[in-house]
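Visitor: Residue-level listing of the chains:
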Amino acid sequence: MFENVDLTLVDWSRAQFALTAIYHWLFVPLTLGLSFIVAIMETIYFKSGSEEWKRMTRFWMTLFGINFAIGVATGIILEFEFGTNWSNYSWFVGDIFGAPLAIEGILAFFLESTFVAVMFFGWNKVSKKFHLVSTWLVAVGANLSALWILVANAWMQNPVGMVFNPETARNEMVSFWQVLFNEVAVSKFLHTISSGFLLASMFVLGISAYYLLRKREYFLAKRSILIAGIFGLLSSLLVAYTGDTSARVLSKVQPVKFAAFEALYDGKQDAGLVAIGILKGSDRKIGEKEVNDFAFRIEIPGFLSVMTGGDRNTFVPGINDLVNGNASQGIMSVSDKIVRGKKVRDLLSDYKAARAGNDRQKADGISGMFRDKKFIDDYFRYFGYAFFGKPEDVVPNVKVSFYSFHLMVMLGFYFILVFVLALIFLYRGTLHKNRWFLWVSLCSILLPYVAGEIGWVLAEIGRQPWIIQNLMPVSAAVSQISSGSVITTFILFAVLFTVLLIAEISIMIRQIKLGPKH
Amino acid sequence: MTIMISHIFLQHYWWIIIALLASLLVLLMFVQGGQSMIFSLPKNNLQKTMIVNAMGRKWEFTFTTLVTFGGAFFASFPLFYSASFGGAYWVWIAILFSFIIQAIAYEYRSKPANVLGQKTFDVFLFINGSLGPFLIGTAVATFFTGSQFSLNEMNQVKWATPWHGLEALLNGRNLALGLTVLFLARTNSLLYIINSVDDKELVESSSRKLAMNSIAFLIFFLFFVITLLVSKGFAYDQATGKVSMEKYKYLHNLIQMPLVLILFLAGVVDILYGIGITIFKGSRKGIWYTGTGTVLTVLALLLIAGFNGTSFYPSTFDLNSSLTIDKASSSLFTLKTMMYVSFIVPFVIGYIWYAWKSINNKRITEEEMKTEEHVY
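Those sequence lines, one after another, are chains A and B. Here the first sequence is numbered in the numbering used here, starting from 1 and rising by one per residue. Here the second sequence is numbered in the numbering used here, starting from 519 and rising by one per residue.
Be a bit skeptical, because a hint or two may be false.
No more than 30 angstroms apart at the CA atoms, straight line, and that leaves these computed lysine-lysine pairs for BS3-like [said to hold, decoys possible]:
#1 799(B) with 561(B)
#2 875(B) with 125(A)
#3 875(B) with 47(A)
#4 352(A) with 676(B)
#5 215(A) with 513(A)
#6 47(A) with 125(A)
#7 888(B) with 129(A)
#8 517(A) with 128(A)
#9 390(A) with 373(A)
#10 888(B) with 561(B)
#11 718(B) with 125(A)
#12 803(B) with 125(A)
#13 513(A) with 637(B)
#14 750(B) with 676(B)
#15 280(A) with 268(A)
#16 880(B) with 517(A)
#17 566(B) with 125(A)
#18 285(A) with 343(A)
#19 566(B) with 875(B)
#20 566(B) with 513(A)
#21 760(B) with 362(A)
#22 517(A) with 875(B)
#23 561(B) with 637(B)
#24 676(B) with 727(B)
#25 517(A) with 566(B)
Coverage of chain B stretches by chain A, computed from C-beta distances (three or more under 8 angstroms per stretch; other residues unrestricted) [unchecked claim]:
#26 797 to 810
#27 842 to 855
It should be emphasised that the hints constitute simulated quantities derived from the structure, not laboratory data. Beta carbons are placed, not taken as given, at the ideal position from N, Cα and C, and that holds for glycine.
Given the sequences, and given the hints that come with them, work out the whole structure.
Guide: Pasting the structure below:
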């Protein structure tokens, strides 16, 4: 029923998608945040009529344009890669997953692309008011497009609002609102866009700091720091809050991923949150997978239990509990889930045989089971486990998950500190005297990029081996093409994107050095 | 009162939306048409800048329409998305590749320190302008000529040739449609330049080029249409679910769907009229007619590809793996949900129209290219 899969093909297909996603995410967050910062600046220009504010708006808009173009270029491939490289997945979930992508195009992309043209070329062609509205609509459009793709991604992490149809061998949507307001989607969207606002704020702060270090563009630099400081501080607080919410949601819907974040192997009550830690190997194993131990850690006692369940008595399951089961906590083992998943798969084969043999009664009976809530809860929700041979296959890379998570959290706190200091120094009028801080701000431009990328590494590596949590592993989702073809396109994309990135950075640096036009 | 909307109705509704998006995409590929002439049409750098800016202010629309077309196809006919994109891998990758290099070329070509130099970015525009329409036309031609794939019982696609889509380039009819789309894009582009650029010399050279490109378009278009109407088509019997070859299938479709026939004829007449009044009367409004004609003609062609018991994505390798609008579509619930979303489309078209008019209210001039701050 399911084709044997070449694992090299799976790995290269994953690598290609990761490559395009990583490159795309180098540009998207700046678009999300800078669009709002530019809109705020233009609003002040609109209200004040000050040419200085107009100059400032146009300067940041130029940088926005350079970044926007390459964001668009790297984005188109992502949409189509679902089809080219993950065609089995596309059919299995297209009934649900396609809708957000289509809505993204209709509602968001057209809004963005229509008004971005007015934003760039309309200064002398449309009224000031229409231009301002266009700039705001670009910001809204950009962020709306993020909403829909994140709704789609969240569904992969927490599939809701659908039933499986054995006739078509795919999942079909039964509640659009459940898909849209999926709890993972809500927290993921807020966390992601606020991280974009943060990144853009740091970008503006860092470049403004560069001007102050160079003793030029004082007006632009100080006003930009004021806006970036406030916007950045609010954003970084929102990032922290939504990060916390996301983690709580994950602990419920993707407990193995959550346990991997904390490298928590043995579940317990009063579980502590690791603030800082270093992992090392150990003699213990789960199946054939090595268990990591801590060489060093600083823990906040009881905090993980409080975070996930509201009090210190909450049991937080570890990877061992989730793989081998824990009867006292009502946790089913992966072996049992594999058995249940295989029963569903056998039933699906029976259905296909009944259909082929024109046994309508049997086929209808099986079809009805796939709509029965008890069958869904007890069996179908483990459908994807049928693909695994060993229980430990469901464990993601713990080291990558752990370090990504902790580095991201540490950077989050660092960003709050930077924005607070920027506002304090600005308020006291001592920004230009604290050259160390200006250097820190300049050097910090890259850090939100690091945080954003590792955030995605965390989200996507952490949910391995699933492409759709519990329903479909990546190995079953891949297109049946030769691995040689994927390796070739991987290399082509890697070379092209790298060349374009170098061009983008070079142009950006030159524009920054040139500064606003006088 | 509850209105019952059937699955069949929605499948047809969504095929019309897909066909409409595709026809708008072909129209908007006038941007690519202009790019394909970036080295041959302008006599000097200033003219080149005017052409690039005339096209460059619209490239986002073409790009967005392509992305929306992909998204809408995925949402409404996911089996096509998985079968075609996952199977005809190389054709789609080549198309995407050409669009990636377009997206940055406009913004970066004239920026200082762009590393690759303006010439390279202009070559990017040329590649996208030539390959984009040609390959899209070739890929769409397989809707009529078929591809070599099969589907298993889980609806997973297996391509029957190692070329993964490139074999489409060996079929003369596919090539003819590819070249039709390319020369139509160039024709529309020349008409758009004549309409929106205020430069006597450039308008004159565009008018001269128009005749040659129109003739090339007509030759390939007629070849494709005639061979289409006299060839066998892929008929689908809804009662048995079987696909079979039927002589003159697409001609039958046109005759059996008179409204589509009228759309088709009106489209062709519109295109010819737009070209004619430009060449023979020196009109600058030809683009309005050829533009409308392009949309109507492509719409009609895609309607005969999918309606009236026809397989819109046939397999010549395994006829019964061929995709039809009922076999490939999303569920009733999804199509209905998406239908509500589609009601917003007129509003979207409205604001696009308004914004487009606001930007195009003055023709592009030499003066503007010298004084405008944001010039490609």
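Visitor: All hints are to be evaluated individually against the structure, with a verdict given for each.
Guide: These are the hints, each one checked on the structure:
1. Taking the CA atoms of residue 799(B) and residue 561(B), the gap is near 24 angstroms; set against the 30 angstroms cutoff, the hint holds.
2. Proximity of residue 875(B) to residue 125(A) is assessed by CA-CA distance (about 10 angstroms); at most 30 angstroms being required, the pair is judged to hold.
3. As the CA atoms of residue 875(B) and residue 47(A) are separated by approximately 26 angstroms, the hinted pair is consistent with the 30 angstroms bound.
4. Taking the CA atoms of residue 352(A) and residue 676(B), the gap is about 19 angstroms. The hint holds against a cut of 30 angstroms.
5. Simply put, residue 215(A) and residue 513(A) have alpha-carbon atoms about 13 angstroms apart, close enough for the 30 angstroms limit, and the pair holds.
6. Proximity of residue 47(A) to residue 125(A) is assessed by CA-CA distance (about 19 angstroms); at most 30 angstroms being required, the pair is judged to hold.
7. Restraint check: the Cα-Cα separation between residue 888(B) and residue 129(A) comes to about 26 angstroms, which is no more than 30 angstroms; the hinted pair holds.
8. As the CA atoms of residue 517(A) and residue 128(A) are separated by approximately 19 angstroms, the hinted pair is consistent with the 30 angstroms bound.
9. A hinted pair counts as satisfied when its Cα atoms are at most 30 angstroms apart, and residue 390(A) with residue 373(A) qualifies at roughly 28 angstroms.
10. Between the alpha carbons of residue 888(B) and residue 561(B) the distance comes to roughly 17 angstroms, so the proposed pair stays at or under 30 angstroms and holds.
11. Pair hint residue 718(B) plus residue 125(A) holds up; C-alpha atoms about 23 angstroms apart against a cutoff of 30 angstroms.
12. This hinted pair checks out: residue 803(B) and residue 125(A) have alpha carbons roughly 22 angstroms apart, not beyond 30 angstroms.
13. For the hint pairing residue 513(A) with residue 637(B), the CA-to-CA distance comes to about 24 angstroms; that is within 30 angstroms, so the pair holds.
14. Distance restraint check for residue 750(B) and residue 676(B): the Cα-Cα separation of roughly 24 angstroms lies within the 30 angstroms cut-off, and the hinted pair is therefore satisfied.
15. Distance restraint check for residue 280(A) and residue 268(A): the Cα-Cα separation of roughly 21 angstroms lies within the 30 angstroms cut-off, and the hinted pair is therefore satisfied.
16. With a C-alpha separation of about 25 angstroms, the suggested pairing of residue 880(B) with residue 517(A) holds against the 30 angstroms cut-off.
17. A hinted pair counts as satisfied when its Cα atoms are at most 30 angstroms apart, and residue 566(B) with residue 125(A) qualifies at roughly 22 angstroms.
18. Taken as a hint, the residue 285(A) and residue 343(A) pair is honoured in the structure, with Cα atoms around 28 angstroms apart against an allowance of 30 angstroms.
19. Among the hinted pairs, residue 566(B) with residue 875(B) is consistent with the structure: their alpha-carbon atoms are about 23 angstroms apart, no more than 30 angstroms.
20. Between the alpha carbons of residue 566(B) and residue 513(A) the distance comes to roughly 28 angstroms, so the proposed pair stays at or under 30 angstroms and holds.
21. For the hint pairing residue 760(B) with residue 362(A), the CA-to-CA distance comes to about 24 angstroms; that is within 30 angstroms, so the pair holds.
22. For a cut-off of 30 angstroms, the pair hint linking residue 517(A) to residue 875(B) stands: about 28 angstroms separates their Cα positions.
23. Annotation: proposed proximity of residue 561(B) to residue 637(B) holds, straight-line Cα distance about 16 angstroms (limit 30 angstroms).
24. A C-alpha spacing of about 44 angstroms is found between residue 676(B) and residue 727(B), which places the hinted pair above 30 angstroms, so the restraint is violated.
25. Distance hint between residue 517(A) and residue 566(B) is fulfilled; the C-alpha atoms sit about 25 angstroms from each other, no more than 30 angstroms.
26. With 0 residues having a beta carbon nearer than 8 angstroms to a beta carbon of chain A, the region 797 to 810 of chain B misses the requirement of three or more and the stated coverage is violated.
27. With 5 residues bearing a CB less than 8 angstroms from a CB of chain A, the region 842 to 855 of chain B meets the requirement of three and the coverage assertion stands.
The structure shown violates the earlier hints numbered 24, 26.
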